[in-house]
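J.: Sequence:
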Amino acid sequence: MNSATPPPDPDEVPWLSNDEMTAWMSLTGMLMTLPAAIDAQLKRDSGLNFFEYSILVSLERPEDHKVRMSVLAMMAGGSMSRLSHAVSRLEKQGWVRRVASEGESRCISAELTEAGLAALVAAAPGHVREVRRLVFDPLNGTQVKQMQRICREVVGVTDPAAAATVDEISQLIEG
Numbered sequence: 001m002n003s004a005t006p007p008p009d010p011d012e013v014p015w016l017s018n019d020e021m022t023a024w025m026s027l028t029g030m031l032m033t034l035p036a037a038i039d040a041q042l043k044r045d046s047g048l049n050f051f052e053y054s055i056l057v058s059l060e061r062p063e064d065h066k067v068r069m070s071v072l073a074m075m076a077g078g079s080m081s082r083l084s085h086a087v088s089r090l091e092k093q094g095w096v097r098r099v100a101s102e103g104e105s106r107c108i109s110a111e112l113t114e115a116g117l118a119a120l121v122a123a124a125p126g127h128v129r130e131v132r133r134l135v136f137d138p139l140n141g142t143q144v145k146q147m148q149r150i151c152r153e154v155v156g157v158t159d160p161a162a163a164a165t166v167d168e169i170s171q172l173i174e175g
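Per full-length UniProt numbering, the very first residue in the sequence shown carries number 1; after that it's consecutive.
Hint data in this document are derived by calculation from the structure and do not stem from the laboratory.
Treat each hint with caution, since some may be false.
[Said to hold, decoys possible] Below are the DSS-like pairs computed for lysine-lysine, each with C-alpha atoms no more than 30 Å apart in a straight line:
1. Lys66 / Lys92
2. Lys66 / Lys43
3. Lys92 / Lys43
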């Protein structure tokens with residue numbers, strides 16, 4: 001018999017340290033309050049919720065303003081059912097239309113209309129001001145870089161596909 005340390009008990013929970021618990025409570029507080037604040041500003045100023053705004057932003061990026069619905073659901077961070085309901089609301093506004101995907105008759109894409117682009121252009125300044133006020137104004141440049149790294153790490157663990165998308169977009173932004 002050797003005197004090596006016994007393996008850890010699988011039933012023993014590695015509880016959070018005080019620093020980890022404080023960080024976790026700060027994060028959960030932000031996760032509970034920030035989306036509601038962003039939603040409130042968008043609804044007040046443009047009649048959109050953040051999910052709908054994310055759909056319009058995702059449709060604005062490609063040159064033809066079209067994205068397959070399955071891809072759009074991933075880009076906007078929602079299920080196909082949630083996306084379908086949101087696209088229906090945006091269609092009623094005349095901001096989005098469903099079209100057959102080119103070369104894929106069984107696939108449906110969402111397309112941003114001229115009116116949808118105008119709605120996005122009108123909503124963007126207020127949204128950016130609110131994001132700046134709530135997220136970036138309280139931080140210095142070093143903290144922004146730290147937040148960037150921390151968020152990328154956490155997203156990489158929670159959803160590697162989303163992390164890859166974030167990395168692609170970040171590379172485009174950074175040039």
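J.: Next, verify each hint and record whether it holds.
T.: Hints, verified against the model:
1. Lys66 / Lys92: With a Cα-Cα distance of about 18 Å, the restraint between Lys66 and Lys92 holds, given a limit of 30 Å.
2. Lys66 / Lys43: At roughly 24 Å apart (the allowed maximum being 30 Å), Lys43 and Lys66 satisfy the hint.
3. Lys92 / Lys43: Within the cut-off at roughly 16 Å; holds.
Violated hints: none; the structure is consistent with every hint.
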